[in-house]
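Sequences listed follow chains A and B, in order.
If you want this note's numbering, it's the 1-based position in the first sequence plus 17.
If you want this note's numbering, it's the 1-based position in the second sequence plus 206.
These are calculated hints, taken from the structure and not from any lab test.
Being a predicted model, the structure only gives us computed values, none of them experimental.
A virtual CB, placed ideally from N, CA and C, is assigned to each residue, including glycine.
Watch out, some of these pointers could steer you wrong.
As the list claims (entries may be wrong) - To be clear about the criterion: a stretch of chain B counts as covered by chain A if any three or more of its residues have a C-beta under 8 angstroms from a C-beta of chain A, and this derived list gives those stretches:
no., segment
1, 278-288
2, 345-355
3, 385-391
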Amino acid sequence: MSIIGEKGVRRILLVTAFSALSALLLIALFIINEGVPFIFRYGLRDFLFSSEWKPAEGRFGIFPMLAASVWVTLGAMAVGAPLGIAGAVFLSEFAPKSVMRIIKPAIELLAAIPSVVYGFIGVMVLAPLIRSSLGGPGLSILAGSIILGIMILPTIMSISIDSLLAVPQSFREGSLALGATTWQGVYLVIVRAAKSGIIAGVILGMGRAIGETMAVIMVAGNAVKIPDSALDSARTLTANIALEMSYATGMHRQALFATGVVLFVVIIILNSLATVVIKGKVARR
Amino acid sequence: MRTMNILLFLCCAAILSSPPGCGRGTKSVTMAGSTAFQPFAEKLADQYMSKQSEVTITVQGGGSAVGIQSAISGAAQIGMADLVILPEEAQVLTTTVAARDGIAVVVNPANSVSALTTDQIRDIMNGKIKNWKEVGGADAPVTVVSREAGSGTRSSFEQIITDISLTEDALIQDSNGTIRETVANDANAIGYLSHGLLNEKIKALLVDGQACSNESITDGTYKLVRPIFLLVKGTPEKEVQDFIDYILSDEGQQTITANGLLSAK
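Isolated chain A, as found in the complex:
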C-alpha cells in the first residue's frame, strides 16, 4: 500500500517525536552555556538581589526585574484566575449547551490573538484610562496585569472547563438528591472534585504570564526600579532580555542570557508544579 512501509513510518514518527525533545535540550544547553558562567563569575547573590542594572558601568543586578515579574504575574493572576474560574463554572454547570457552543470557541479565539495586538490595545486604551483616572504614567504594573490577566483567560478557562466536565454526572445527581441547590452542589461538590485540574490551569496560566514579552514591553513602561505601587512603571525579566539583546555585547550579553536562565528555572518549577498537581489528581482516583 504505502511506498515507505510500516517500519519506515514508525521511524519517521520517532524522529519527529525526538526532534521536539532535542530542540528543548539544545535551547537549554545553549542558554545554560551562555548564562551560567556569568552567574558564577558575578556571584549569584549579587546578580539576583542587587538592584542596580547599569550595563554601561558593569553593574548587573536583576532584583528590580525579578520584583516586577512577580508583581505583574500576581496581578495577572488576581485578574485572570477569578474571571477564568467563575466563567468556567458558569459555562460547565449553569449555561445551556447552546451558549457554551458560542462562548467556548470565542474564548479559545482569545488565545489566537497575537500578543502585540493586546499590547496595542493596552497602550491606546488602557494606559490613557489609568493615567487620567488614577494618575501615574499610565504604562504601569496595573496595565500589564490587566492585559496579561485577559491573555491567560483562555488557558485557565479551558483547562478548568475540561476538569469540571470530567466530574462524573452522579456527583451532581447525588448532591441534588441530598437536597442541595445547584449552587451548593457546585460549590461544595463539583469545584472541589475538579480542584486539582483548576489549580493546574491557574499554574499554567501563571507560566504564560511570566513568559509573556511583547505585550508587557508595550504596556508596563520598562523603568528599571523596584516598584512602589501598582501605578509605577516596571520592567519584567522577559522585557529586559528583549529590549537590550539587540545591542548587547560581551558581559552585557552574558548577563541577558543569565536573566534567561533565571526565567527558565522559574518556568520549569511552575510547569513541574502543574504536572505534579495533575498527577496527584489521577493517583487519587
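Fit chain B to the known structure of chain A by using the hints.
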C-alpha cells in the same frame, strides 16, 4: 491522491530551495546597522539596483552596535552607525558621513512649555526637576521617556547633553516610533527622537532658543545633531565604493533629504 501529495511536496521543495533573488545579480553587497538609517539605505539600494542590475544589495538592521561589529568582522561590507562618538574598536574602520540627523526633544502638544535649555533638559532627564512648574509649565509631574541602553539615538543624545545619569523612574521605549506614541498620549511626558519622525501629534521644543528645523540643523545652530556613518573596513571593493559614491551623489542625497534626514554636506 498520493501522486498529488508527492507533486505538492516537490513543488514546495522547489520553491524553498531556489535561492532568493537568483539570477538578479552577480556581485552582492551587505549593509547592516543603524535602524534609523535602515529605511533610507533600503530605498537607496532599490534605486541603485534598478540602475545597476549586476549588483545585489542586502540591507539589514540590528542597531549601531551591530553595524560596527559586522563591519569589523566582515559580516557586512558596509556598517551603518548613528553615534556622535564612535567607540574605540571602530578606529580600524574608514568612516564616511552619509547623512545628518537632528534629535528633537519632544513634549505633548498640550504642554505649555515650548523651550528648554540644555541644563534644564539634563536636570529633567536626571530626575532633579520633577515637576513642569519648575520650568515654567503647569503643576504636573514630569514623565521622562527614554530609549533602551545601547540605542544610537540615546547615546548621541546623552553625549551631546553630557553628564546624564537617567532617573530610574524613566519609562523606556524601544524605538523612535513608540517614543512618539507615548509622548503623544501622555500630557506630561518628555522624550527625544529622530527629527525625521516629528509630526503634528507631538511638539518639538526649542533647545537653547533654537528650533529643530532643517535650516538650524544645516547651519549648525541647533545643537542636537548626530552624523550617520557608513563604515568600511580596509580598501572597499569597487562595487562597495560605487554604492557609497551613489549615496553621496546629488541623486542619493536628494532621496535622503526627501524622506526626512539632512544631507551630509
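Results for each hint:
| no. | hint | in the structure |
| --- | --- | --- |
| 1 | 278-288 | violated (count 0) |
| 2 | 345-355 | holds (count 3) |
| 3 | 385-391 | holds (count 3) |
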